[in-house]
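For reference, the chains in residue letters:
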Amino acid sequence: MAIEDPEISRLNKIASQVRRDIVRMVHGAGSGHPGGSLGCADLMVALYFKILRYKLPFNKTGQGEDMFFLSNGHISPVWYSVLARAGFFDVKELATFRKINSRLQGHPATHEGLEGIRIASGSLGQGLSVAIGAAQAKKLNQDNHLVYVLMGDGEQQEGQIWEAAMYAAHHEVDNLIGIIDVNGQQIDGPVEQVMSLKDLGAKWRAFGWRVLEMRGNDMEEVVKSLIHARGLTSRQQPVVILMHTTMGYGVDFMMNSHKWHGTAPNDEQLARALAQLEETLGDY
Amino acid sequence: MKKYTILDRKDTRSGFGAGLLEVAQKNDQVVALCADLTSSLKMDAFQKRFPHRFFQVGIAEANMMGIAAGMAISGKIPYTGTFANFSTGRVYDQIRQSIAYSHANVKICASHAGLTLGEDGATHQILEDIGMMKMLPHMTVINPCDYNQTKAATIAIADYQGAVYLRFGRPVMPVFTPPDQVFEIGKALLLNEGTDVSIFATGHLVWEAIKAGEILAEQGISAEIINIHTIKPLDTEAILQSVQKTRLVVTAEEHQLNGGLGDSIAQLLAQNLPTRMAMVAVQDRFGESGKPEELMQKYGLTAANIVEKVLTIRKSKS
Numbered sequence: 001m002a003i004e005d006p007e008i009s010r011l012n013k014i015a016s017q018v019r020r021d022i023v024r025m026v027h028g029a030g031s032g033h034p035g036g037s038l039g040c041a042d043l044m045v046a047l048y049f050k051i052l053r054y055k056l057p058f059n060k061t062g063q064g065e066d067m068f069f070l071s072n073g074h075i076s077p078v079w080y081s082v083l084a085r086a087g088f089f090d091v092k093e094l095a096t097f098r099k100i101n102s103r104l105q106g107h108p109a110t111h112e113g114l115e116g117i118r119i120a121s122g123s124l125g126q127g128l129s130v131a132i133g134a135a136q137a138k139k140l141n142q143d144n145h146l147v148y149v150l151m152g153d154g155e156q157q158e159g160q161i162w163e164a165a166m167y168a169a170h171h172e173v174d175n176l177i178g179i180i181d182v183n184g185q186q187i188d189g190p191v192e193q194v195m196s197l198k199d200l201g202a203k204w205r206a207f208g209w210r211v212l213e214m215r216g217n218d219m220e221e222v223v224k225s226l227i228h229a230r231g232l233t234s235r236q237q238p239v240v241i242l243m244h245t246t247m248g249y250g251v252d253f254m255m256n257s258h259k260w261h262g263t264a265p266n267d268e269q270l271a272r273a274l275a276q277l278e279e280t281l282g283d284y
Numbered sequence: 285m286k287k288y289t290i291l292d293r294k295d296t297r298s299g300f301g302a303g304l305l306e307v308a309q310k311n312d313q314v315v316a317l318c319a320d321l322t323s324s325l326k327m328d329a330f331q332k333r334f335p336h337r338f339f340q341v342g343i344a345e346a347n348m349m350g351i352a353a354g355m356a357i358s359g360k361i362p363y364t365g366t367f368a369n370f371s372t373g374r375v376y377d378q379i380r381q382s383i384a385y386s387h388a389n390v391k392i393c394a395s396h397a398g399l400t401l402g403e404d405g406a407t408h409q410i411l412e413d414i415g416m417m418k419m420l421p422h423m424t425v426i427n428p429c430d431y432n433q434t435k436a437a438t439i440a441i442a443d444y445q446g447a448v449y450l451r452f453g454r455p456v457m458p459v460f461t462p463p464d465q466v467f468e469i470g471k472a473l474l475l476n477e478g479t480d481v482s483i484f485a486t487g488h489l490v491w492e493a494i495k496a497g498e499i500l501a502e503q504g505i506s507a508e509i510i511n512i513h514t515i516k517p518l519d520t521e522a523i524l525q526s527v528q529k530t531r532l533v534v535t536a537e538e539h540q541l542n543g544g545l546g547d548s549i550a551q552l553l554a555q556n557l558p559t560r561m562a563m564v565a566v567q568d569r570f571g572e573s574g575k576p577e578e579l580m581q582k583y584g585l586t587a588a589n590i591v592e593k594v595l596t597i598r599k600s601k602s
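Those sequence lines, one after another, are chains A and B. Sequential numbering from 1 applies to the first sequence in this note's numbering. Sequential numbering from 285 applies to the second sequence in this note's numbering.
What the hints contain is simulated information worked out from the structure, not anything from laboratory work. Possibly wrong hints are sitting among the right ones.
[What the hints assert, rightly or not] Every beta carbon over 12 Å from chain A, so not counted as near; a handful from chain B, in silico:
no.: 1; residue: Q309
no.: 2; residue: E345
no.: 3; residue: M348
no.: 4; residue: D377
no.: 5; residue: Q381
no.: 6; residue: A384
no.: 7; residue: T407
no.: 8; residue: E498
no.: 9; residue: G504
no.: 10; residue: A522
no.: 11; residue: N542
[Claimed, not checked] Quick partial rundown of chain B residues pointing at chain A, CB under 10 Å, derived from the structure:
no.: 12; residue: N311
no.: 13; residue: V315
no.: 14; residue: Q340
no.: 15; residue: V341
no.: 16; residue: I343
no.: 17; residue: A344
no.: 18; residue: A356
no.: 19; residue: G359
no.: 20; residue: K360
no.: 21; residue: P362
no.: 22; residue: S386
no.: 23; residue: L420
no.: 24; residue: F460
no.: 25; residue: P462
no.: 26; residue: Q465
For each residue, glycine too, the CB sits at the ideal point set by N, CA and C.
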């Protein structure tokens with residue numbers, strides 16, 4: 001086995017802790033969405049611990065910093081964990097996920113001022129439009145930072161996504177990087193069976209976007225691809241990355257099945273999952 | 285009865301266009317988005333004057349609401365423009381999640397509301413928009429009565445931090461409120477003091493209420509006429525104060541009975557001051573093609589209908 005770059009090793013360690021947080025949060029709540037959260041853990045760690053240029057304390061307007069939007073809001077566990085681990089709020093608060101009086105709503109919300117969240121998401125298909133608005137506001141403000149938005153692949157079935165795709169290319173929103181979690185699963189089964197996306201890359205290209213692809217559960221490739229994507233901004237064209245992931249990545253029995261899209265592990269399953277995930281930063 | 289003269293005849297949407305241009309000159313955070321109806325919404329002057337602050341989104345209203353929310357997060361004050369139908373029902377979930385629930389400071393500006401859209405017919409004549417919008421937490425709902433008031437409201441909402449639904453219309457209507465008035469959100473306007481009945485009207489029906497007041501005065505009935513330009517938040521104090529005095533209420537609006545102004549006032553009175561009331565509104569029907577004034581007559585939204593309601597409830601009261 002090749003010797004891992006220490007920076008990639010650092011990020012992988014964080015991702016392992018984030019995956020522990022995800023399964024513990026969903027177990028603690030007795031509900032939630034572990035599958036997509038686990039699959040996107042590497043991306044989210046790469047973004048918040050390497051790529052995004054953001055400031056703390058959190059400023060909701062995002063002036064003078066990169067902004068991230070989560071359009072597929074059901075994978076809130078991974079976002080909450082990464083935000084807490086990155087210092088946006090206390091990791092102890094992760095224990096309140098989906099519980100009464102918590103700021104960590106089942107789907108992300110702004111109403112209690114949770115640091116890191118700028119808009120509610122959950123009802124699918126809306127985040128790309130919001131990200132475009134934020135990106136265009138940056139241009140008006142002469143702020144040369146970037147806007148990132150993560151979407152799901154099942155979410156590509158929403159019509160609003162394509163309204164937004166058309167708009168961003170037409171208006172040359174080139175300070176925007178879209179990422180699609182292509183894990184091939186949605187609630188009712190494989191995306192291919194529920195509503196095939198056919199050639200998703202060709203669709204985005206036809207809409208006028210620059211399309212990249214990456215393996216989303218390979219930290220080194222994720223980091224390299226995000227840096228590459230950043231280099232393609234400011235070229236009168238929006239950029240989208242098709243990120244191929246495995247739903248449930250990191251927990252063997254959750255992988256490759258839509259059954260773990262929105263199911264919480266029981267006590268025994270939690271123990272089996274945690275045994276596969278190294279505790280690197282200390283559990284909350 | 286206080287005398288109101290017709291200062292001019294103009295459409296409320298032109299009041300919006302004029303207000304948007306004026307507020308944009310004063311506040312450089314104001315931006316505007318339009319879904320392929322720039323001249324219908326009278327946004328052309330803004331577009332010409334501030335091309336970099338104007339965003340054409342094409343026929344894609346859901347996307348427009350999302351973009352507006354994103355701009356609002358970043359400190360802009362976005363005004364979205366399309367017909368009332370496409371400003372509400374078509375994009376309800378986007379408004380609910382990305383704007384209302386997310387506390388986004390978006391001004392949803394909706395023209396061609398109600399039956400007075402006219403010949404285009406029921407597909408475009410939305411009569412449910414006030415109801416849909418007032419049900420959303422964090423949403424302010426404004427329905428001004430004429431050109432001058434629509435202009436003033438358009439200017440005023442920029443200084444208010446929060447989501448607003450601003451409803452106006454297509455037809456040329458009497459202008460009778462003062463130019464350069466200061467618009468106060470949530471503040472009912474007393475148009476005529478009276479003692480026998482309170483008439484609460486909104487939008488295009490305010491002028492009809494004034495005409496009704498004149499007819500009633502000739503019959504010796506003293507009507508208190510109040511312009512409820514803000515349906516939410518409702519000026520409960522002004523309404524209760526008037527009803528304490530008159531103990532008889534008629535409401536008037538170009539909207540479905542379900543979910544409209546009358547419904548809001550009935551809710552207030554049922555809980556605080558149960559009062560006999562009647563409502564001039566559309567009775568659970570869709571509209572149809574026709575000239576605005578023909579439609580208002582056929583659907584019972586005229587001064588004569590207000591008078592009739594007043595006389596009926598006065599009779600049943602005694």
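Comparing the hints with the structure gives:
no. : hint : result
1   : Q309 : holds, 16 Å
2   : E345 : violated, 9 Å
3   : M348 : violated, 8 Å
4   : D377 : violated, 5 Å
5   : Q381 : violated, 5 Å
6   : A384 : violated, 9 Å
7   : T407 : holds, 19 Å
8   : E498 : holds, 48 Å
9   : G504 : holds, 53 Å
10  : A522 : holds, 30 Å
11  : N542 : holds, 25 Å
12  : N311 : violated, 13 Å
13  : V315 : holds, 7 Å
14  : Q340 : holds, 9 Å
15  : V341 : holds, 6 Å
16  : I343 : holds, 9 Å
17  : A344 : holds, 4 Å
18  : A356 : holds, 8 Å
19  : G359 : holds, 5 Å
20  : K360 : holds, 5 Å
21  : P362 : holds, 8 Å
22  : S386 : holds, 5 Å
23  : L420 : violated, 13 Å
24  : F460 : violated, 38 Å
25  : P462 : violated, 35 Å
26  : Q465 : violated, 31 Å
Hints 2, 3, 4, 5, 6, 12, 23, 24, 25, 26 from the earlier list are contradicted by this structure; the remaining hints agree with it.
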